[in-house]
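**Q** Sequence:
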Amino acid sequence: MKLKTHLYKILFIAIICASHQTKAQEVSYYDNWQFHPFGKVLYQPGTNYHTSLRPIDYTKLQQLTNVDSILYDGIKVPDGKLNIWKRFLHDDLIKWENEDWWVKINPLFDFNVGQERIENKTTWTNTRGISVDGKLGKSFYFYADFYENQAVFPNYIDDFVRTNKVVPGQGKSKNFANESPHDFSQATGYISFNAYKEYINIQMGNGKMFIGDGHRSLLLSDNAFSYPFLRLNAEFGKIKYMIQWAQHRDLNIDPALEGNDARYPEKYSISHYLTANIGNRLSLGFFENVVWAAQDTMGYRGFDYTYLNPFAFFRPIEYATGSPDAVTMGLNAKYIVGNKSAFYGQFVLGEFKFDEVFGGNKWWANKHGFQLGFKSFDVFKINKLDFQTEYNQVRPYTYSHRESITNYGHYNQSLAHPLGANFRESVTHIKYQYRRFIFNAEFMLAMYGKDYEDDDISWGKDIYKSNQNRPGDYGHYIGQGLKTNLYYTDLSVSYLINPRNNFNIALGTRLRRESNNLQVLETQQVWFAIRTSLKNLYYDF
Numbered sequence: 115m116k117l118k119t120h121l122y123k124i125l126f127i128a129i130i131c132a133s134h135q136t137k138a139q140e141v142s143y144y145d146n147w148q149f150h151p152f153g154k155v156l157y158q159p160g161t162n163y164h165t166s167l168r169p170i171d172y173t174k175l176q177q178l179t180n181v182d183s184i185l186y187d188g189i190k191v192p193d194g195k196l197n198i199w200k201r202f203l204h205d206d207l208i209k210w211e212n213e214d215w216w217v218k219i220n221p222l223f224d225f226n227v228g229q230e231r232i233e234n235k236t237t238w239t240n241t242r243g244i245s246v247d248g249k250l251g252k253s254f255y256f257y258a259d260f261y262e263n264q265a266v267f268p269n270y271i272d273d274f275v276r277t278n279k280v281v282p283g284q285g286k287s288k289n290f291a292n293e294s295p296h297d298f299s300q301a302t303g304y305i306s307f308n309a310y311k312e313y314i315n316i317q318m319g320n321g322k323m324f325i326g327d328g329h330r331s332l333l334l335s336d337n338a339f340s341y342p343f344l345r346l347n348a349e350f351g352k353i354k355y356m357i358q359w360a361q362h363r364d365l366n367i368d369p370a371l372e373g374n375d376a377r378y379p380e381k382y383s384i385s386h387y388l389t390a391n392i393g394n395r396l397s398l399g400f401f402e403n404v405v406w407a408a409q410d411t412m413g414y415r416g417f418d419y420t421y422l423n424p425f426a427f428f429r430p431i432e433y434a435t436g437s438p439d440a441v442t443m444g445l446n447a448k449y450i451v452g453n454k455s456a457f458y459g460q461f462v463l464g465e466f467k468f469d470e471v472f473g474g475n476k477w478w479a480n481k482h483g484f485q486l487g488f489k490s491f492d493v494f495k496i497n498k499l500d501f502q503t504e505y506n507q508v509r510p511y512t513y514s515h516r517e518s519i520t521n522y523g524h525y526n527q528s529l530a531h532p533l534g535a536n537f538r539e540s541v542t543h544i545k546y547q548y549r550r551f552i553f554n555a556e557f558m559l560a561m562y563g564k565d566y567e568d569d570d571i572s573w574g575k576d577i578y579k580s581n582q583n584r585p586g587d588y589g590h591y592i593g594q595g596l597k598t599n600l601y602y603t604d605l606s607v608s609y610l611i612n613p614r615n616n617f618n619i620a621l622g623t624r625l626r627r628e629s630n631n632l633q634v635l636e637t638q639q640v641w642f643a644i645r646t647s648l649k650n651l652y653y654d655f
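Following the working numbering, the numbering of the sequence shown begins with 115 at its first residue and continues without gaps.
Everything labelled a hint here was simulated from the structure, so no lab data went into it. Watch out, some of these pointers could steer you wrong.
Simulated restraints on C-beta separations [what the hints assert, rightly or not]: (1) D297 <-> F551: 30 to 38 Å; (2) L398 <-> V471: 18 to 26 Å; (3) K252 <-> M561: 49 to 57 Å.
Simulated crosslink set (DSS-like; lysine-lysine; CA at most 27 Å straight-line) [to be verified]: (4) K476 <-> K597; (5) K209 <-> K174; (6) K352 <-> K200; (7) K311 <-> K252; (8) K311 <-> K352; (9) K200 <-> K249; (10) K649 <-> K209.
For every residue, glycine included, the Cβ atom is placed at its ideal position computed from N, Cα and C.
Could you put the whole structure together from the sequences, leaning on the hints where they help?
**A** In C-alpha cells form, the structure reads like this:
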C-alpha cells in the first residue's frame, strides 16, 4: 500500500473522533526569512510559543498579538471600500466571507531580471502563481498554492540544477540537460483541523516543515522539495509533541529510464519532535527520525507499521528489524536573554559508539554536527533593526547511508542543511525596515570537502553517494577530499507594496566565490525583481 492510503485512513479516523467540537487551526504562510514580520513577538519571554516548529501556528499568533498591526505597521491603507486595483496593492485580491466561512485568493509572482557579470550572462525568472486559503465553518482550514516557473540562473545555481536535475527547493527541471531556460513547477496544499479542542491538531497535505530557531536546521529543514505528509501536533501547557509521517522520492534511477515516464523509487520517514518551554526563557527539544526504502533487497516493504507507535524510540526498533534503515536523532535548545534576544543551538547525531567517539581515531561513522546561534531584534534600541548570526558544522557521512534510497534526502536534496555534510559554516543576517523599505544583508563563509570529479570515492559531503565507497574507516575529518572555501554575500533593498502577500519591488546584488586547488568559480550578479516573497528559497550555498 502507498503512504497516501494510510494517511487517508488515519485522517478519516481522526475526523470521526473529532466530533462537532473541532475548530480549525490556521497555519501561517509568511515563511520567507527576509520578510518575516513576527520574530520580535515570538522571541519574548513568557509567550509560551514553541518557536522551533515552523510553519507558524497562525491561530496562536493571533492570540499573542494583533497580526494586522504588525503586517501594516507604518503602512497606510486607503479608507473605504477598495476596488480590485486597490485590493491588489493593499489587501487580499479576492475575499468572500460571512459568519461561517471565508475564502481568500491572492496572486503569486516573481518577475526577475539580472546580469551575471563574470560570464556576461543575462539571468531572469518568470514565475506566475496563485494561492487560495480559507476556513469552512469551525472545523477546517485549508491552503493551496501553485507556481509555474521558467528561469535562467547564474552560473553556480545553473550548475547545481544540471548536476542534480532539480531547482533548489522547487522541484525537477523539465529540461535540466540542455541550454534552454529551466522549466519547473511546484504545488503546495493541506488541510488543518483541531481534533480535540485546541490541544490536538492534525494537518495533511503536500508541503514542508522546519525544526529549529536558526537560519539553517541540522534536524529537518524546508531546503528540499515539497512532499506528502500527515502531521499531528499535540500541545498541553508548555509541552508540544509533533509526529510527521512522510513519503519521499529518490531521483537516482537508470538513465535509460529517465525519458520513459519511469516512476521514481519511494521511501518513507517518520519524525518525532518533543519540545518543552521551561520557565519563561528556556526551551528544549528532542528529535528523532527514521527513513526506510519502500522496496529493499527482501522485496516490496511499503509502509512499515513497526514504526507507527508514536511513543517508541526508533533506534531499538530499527535494530530489531535487522538495521536496514537510517535513524537520525538530535537536540534543539533556545534561551531568551533580555526581552528581544535569544541564543539557540542544535546537536545532530547519526551514529554513536562510545569507544569510537572517544578513541580519537576519527572513525568514519562518528556522524554528528552542531549549531550555535544568536538573534536579536531592535538592536541598539533601533526599531526593526534585526541581527542574526550562527555557526554550523557537520562531520562527513552524517546524513548519508549505504544507498541513496535510505539517506536523509528527498528529490536530490538534503532534508537538513543545503551543504549536505563535511562542512563548517558561518552565516550572518542584518535586516532593517523603515516604513515600506526593507534592507537585507547576508554574509556567509564556509569550508567543505568536495568529492573529486570522475571518482566514485565519497569523501562525505554528497549525501547521495554511498558511504560504503569511503577511503578507509579511520582518519576522517571535516574538510577532507577537495578542500573548498566559499564566500557568499547577498545585499538587497525592497519596497513593500502589499503586506498581505509580501508584494515588493527589489534591487540587489549577489557575490559568490568558490575556490579550491583545481578551480575558482565566481559569481557577480545584479538583479531587479517585482515579486511576492512568501516562501524560503535557499540560494546561499
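**Q** All hints are to be evaluated individually against the structure, with a verdict given for each.
**A** Comparing the hints with the structure gives:
no.: 1; hint: D297 <-> F551: 30 to 38 Å; result: 34 Å, holds
no.: 2; hint: L398 <-> V471: 18 to 26 Å; result: 22 Å, holds
no.: 3; hint: K252 <-> M561: 49 to 57 Å; result: 53 Å, holds
no.: 4; hint: K476 <-> K597; result: 18 Å, holds
no.: 5; hint: K209 <-> K174; result: 22 Å, holds
no.: 6; hint: K352 <-> K200; result: 42 Å, violated
no.: 7; hint: K311 <-> K252; result: 11 Å, holds
no.: 8; hint: K311 <-> K352; result: 16 Å, holds
no.: 9; hint: K200 <-> K249; result: 24 Å, holds
no.: 10; hint: K649 <-> K209; result: 22 Å, holds
Checked against the numbered hints given earlier, this structure breaks only hint 6.
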